[in-house]
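Peer 1: Sequence lines, in order, name chains A and B.
Just so you know, we're using my numbering here: the first sequence kicks off at 125 and counts up by one.
Just so you know, we're using my numbering here: the second sequence kicks off at 3 and counts up by one.
No lab work stands behind these hints: they were computed from the structure.
Remember, predicted model here, so these are calculated numbers, not experimental data.
Check before you lean on any hint, since a few could be wrong.
Stated by the list, open to error - In silico lysine to any residue, SDA-like type, Cα no more than 20 angstroms apart, as pairs:
1. B/K37 <-> A/S206
2. B/K37 <-> A/K274
3. A/K274 <-> A/R312
4. B/K37 <-> A/R141
5. B/K37 <-> B/S129
6. B/K37 <-> A/K239
7. A/K274 <-> B/R132
Residue strings, one per chain:
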Amino acid sequence: MAGEMSRAMLSVEIRKRFSGNGAAPFILDVRASFASGFTVLFGPSGAGKSTLLDCIAGLQRPDEGEIHLDKEVFFDGARGISLSPRRRELAYVFQSLALFPHLSVEENIRYGLAKLAVAEQYRRVENLVAAFHIGNLLQRRPGELSGGEKQRVALARALVTRPRILLLDEPLTGLDASLRRAIQGDLRAWNAANGIPILYVTHNREEVDAIGEHVLTLADGRVQESGVPRAVLDAPRSVELAQAAGFENVLLAKVVEHRPADGVMRVSLENSACEIEIPLGEAAPGSEVRVAIRAGDILLATEAPHYLSARNVLPGTIESIEARGVLVAIRVRTGASFLVHVTPGAVRSLELAPGQLIWLVIKTHSCHLVR
Amino acid sequence: MNTEAFLLSLRLSATVAVLLQLFALPLAYALAFVKWRGKFLVESVVALPLVLPPTVLGLYALLAMAPRGPLGKLWQSLFGHPLAFTFAGLVIASFFYSLPFAVQPVVASFEALDRRLLDASAVLGASRMRTFFRVILPLAWPGVLTALVLSFAHTLGEFGVVLMVGGNLPGITRTVSIDIYDRVQSLDYAGAQQTALLLLLVCFVVLSIVYGVNRRVWSPWPAR
């Protein structure tokens with residue numbers, strides 16, 4: 125409740141199995157705790173993020189396990205307890221937002237306040253409407269709102285109930301970065317006063333950095349890692365996570381030799397003669413590993429560079445050049461195939477063209493060992 | 003033209019349409035939103051009148067309503083008079099005859115709803131009842147209207163079932179379609195045509211209203 129600064133802890137330990145219609149069954153198997161404040165749930169699509177939120181909200185029933193908010197039982201498989209969604213007193217903003225299309229914005233926001241006196245309903249709506257800058261929209265229907273307005277209304281409808289937990293399933297996808305930052309700011313200000321656990325699902329790496337005090341990564345129904353965003357996502361330890369976290373290059377590699385004195389090891393890429401140096405990791409010489417490298421962390425040079433601190437300089441040929449808005453994606457073939465992101469200006473000044481000979485420059489610490 | 007028969011048909015159709023909708027709403031809810039075994043059996047029973055000849059349905063209804071039939075006996079003990087060849091008997095038989103037209107459009111419109119809206123309602127603290135009246139019904143009303151109108155129109159046009167269980171008692175069970183049949187039998191083609199034309203117009207107007215309002219819900223025509 126506002127003002128009291130409850131410091132609630134949500135604990136989840138659940139398993140749920142989905143038969144896969146012939147394919148391998150999907151199993152959600154999660155054990156995690158969520159303190160008050162933001163926790164970002166991050167992972168590739170199909171990792172089970174939305175299913176996890178549905179289970180916490182009571183919209184799907186786990187096969188077994190427990191869900192608690194502090195001492196209160198939401199779900200206990202062994203004791204056959206499953207609190208209905210409306211008794212969990214939490215709020216959930218769906219990816220589709222699910223605003224009621226036949227009700228006005230104001231009626232949407234008041235929907236969860238039916239138990240309160242009408243005067244109190246209006247007082248609460250007024251407070252939230254001011255905080256979320258939607259005062260001029262109250263009489264409109266959801267169909268008449270822009271994407272950003274809808275997202276604000278959905279957040280207001282959720283928060284006005286003073287929930288004990290807030291579940292947000294990609295609530296800000298499709299918004300441009302500045303609008304997203306503004307809404308995130310509103311949300312952060314709101315939670316400074318309320319201090320409830322907020323579970324925030326996103327695919328977007330920028331959002332993780334903007335929001336995340338804590339990040340929990342899911343892949344294939346399981347928790348992969350948990351920690352502060354920089355530590356978890358800048359050095360991903362699984363292939364799925366590396367791809368989701370924006371590592372465009374995930375290459376097959378074989379450990380050639382360890383150089384413990386330098387804290388590095390040499391690996392050969394994609395069964396070719398092409399070798400690079402990466403930070404020393406837990407992989408024996410001869411073993412197969414994967415190496416993740418961001419496309420934006422690779423430099424290009426049109427002549428063989430000298431006097432560089434970067435240890436990996438690989439000659440290659442440009443296979444393709446593809447403009448993608450403010451960046452250009454260049455595919456370079458060495459022994460392995462690399463994706464490199466540069467600016468359109470760099471392409472012009474270096475006069476890059478397909479077929480051209482080029483040198484890739486990669487710092488050792490831009491290369492990450494993943495499982 | 004036989005006004006008495008026409009009014010009787012309107013009264014019968016309106017009664018049946020309203021009763022059917024009261025029954026169809028909870029049944030459609032159970033068919034659309036609740037998982038249960040044996041659902042397919044109920045769905046088949048509901049659809050049966052679509053394929054069964056009205057005479058077959060009428061025959062079984064007549065047997066059930068006869069003084070020694072199960073329904074007839076029950077009725078006799080409750081109300082002290084027989085059920086067969088009464089208006090009430092006609093209502094009961096027509097109820098089953100028009101059942102699919104009352105249930106299927108509602109199920110279709112319920113199933114077309116975005117489930118996340120129902121989830122949102124539940125998370126926002128609404129009971130099932132409140133969700134039904136505040137979210138499901140307002141969004142599915144074109145389907146409910148279609149069901150009302152179709153079951154009304156279908157009952158208006160029934161013949162075989164009425165003939166079997168109603169007989170031909172003026173003011174009690176002689177509906178408009180029976181009246182037309184009678185007139186043709188007695189070679190009163192002018193009278194038959196008048197009534198037939200009126201029936202045709204009423205049905206046309208009713209269906210125009212339904213398809214004018216929406217055609218996404220249970221309709222032989224593809225979606226616009």
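Peer 1: Run every hint past the structure and note whether it holds.
Peer 2: So, going through the hints one by one against the coordinates:
1. A distance of roughly 18 angstroms separates the Cα atoms of B/K37 and A/S206; the hinted pair therefore holds under the 20 angstroms criterion.
2. Proximity of B/K37 to A/K274 is assessed by CA-CA distance (about 32 angstroms); at most 20 angstroms being required, the pair is judged violated.
3. The hinted pair formed by A/K274 and A/R312 meets the criterion: a straight-line CA distance of about 19 angstroms does not exceed 20 angstroms.
4. With a C-alpha separation of about 18 angstroms, the suggested pairing of B/K37 with A/R141 holds against the 20 angstroms cut-off.
5. For the hint pairing B/K37 with B/S129, the CA-to-CA distance comes to about 18 angstroms; that is within 20 angstroms, so the pair holds.
6. For the hint pairing B/K37 with A/K239, the CA-to-CA distance comes to about 30 angstroms; that exceeds 20 angstroms, so the pair is violated.
7. This hinted pair does not check out: A/K274 and B/R132 have alpha carbons roughly 23 angstroms apart, beyond 20 angstroms.
When the structure is compared with the earlier hints, violations turn up for hints 2, 6 and 7 and for no others.
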